[in-house]
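The numbers in full-length UniProt numbering rise by one with no breaks, and the one at position 41 of the sequence shown is 41.
Source of the hints: derived by calculation from the structure; they are not laboratory data.
All of these numbers come straight from a predicted model, not from anything done at the bench.
Don't take each hint at face value.
Simulated DEER-style distance windows between Cβ atoms [unchecked claim]:
(1) A20 to E82: 35 to 45 Å
(2) R108 to A47: 20 to 30 Å
(3) R91 to A47: 32 to 42 Å
(4) E88 to E67: 35 to 45 Å
Built from N, CA and C at the ideal position, the CB exists for glycine as well.
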Amino acid sequence: MARKSDSPGKSASTKSEGEARPSAAQVELARLIAERHEVTLPLGFEADGPWTRKFLDVFAYDPEVEEDVFRRVRNIVQYVREGRDMPEMARKVGLRPDQVEFMISVLRWSDYDMEEVVEEFDTDPEDAAWRDMERDFEARAYEYH
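Start from the sequences, fold in the hints, and give me the full structure.
This is the structure in structure tokens:
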């Protein structure tokens with residue numbers, strides 16, 4: 001995947017001179033996982049041990065199976081679009097709130113469509129029934145043309 005210059009989930013205070021670099025195995029694993037989940041790694045992540053380890057902690061499969069991580073990504077995207085709050089998302093996907101926040105920042109950074117979509121729910125069942133009938137009528141009208 002392509003890399004960008006500023007990394008998600010990182011502030012200027014989180015990177016200091018004495019931090020350990022990630023191992024070559026961690027860097028390679030991060031690249032493989034990023035490609036599999038179609039997420040973008042920031043430029044210079046190879047030199048940022050804490051960021052790389054946080055990425056692996058959130059997106060790596062062990063001890064979970066691969067499908068669990070894909071499910072988490074899918075669910076987080078949906079929950080953000082629904083406008084759910086961080087503690088609820090964390091509880092539902094089995095991560096800590098800081099891990100969910102990091103995952104969201106990586107997914108947004110990677111241009112996942114996470115635009116919040118909040119529908120106005122109609123509380124009047126009669127109005128909803130009329131609206132459904134109108135949609136059904138319009139759909140049938142297109143079938144005959």
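Against which earlier hints does the structure fall short, listed by number upward?
4
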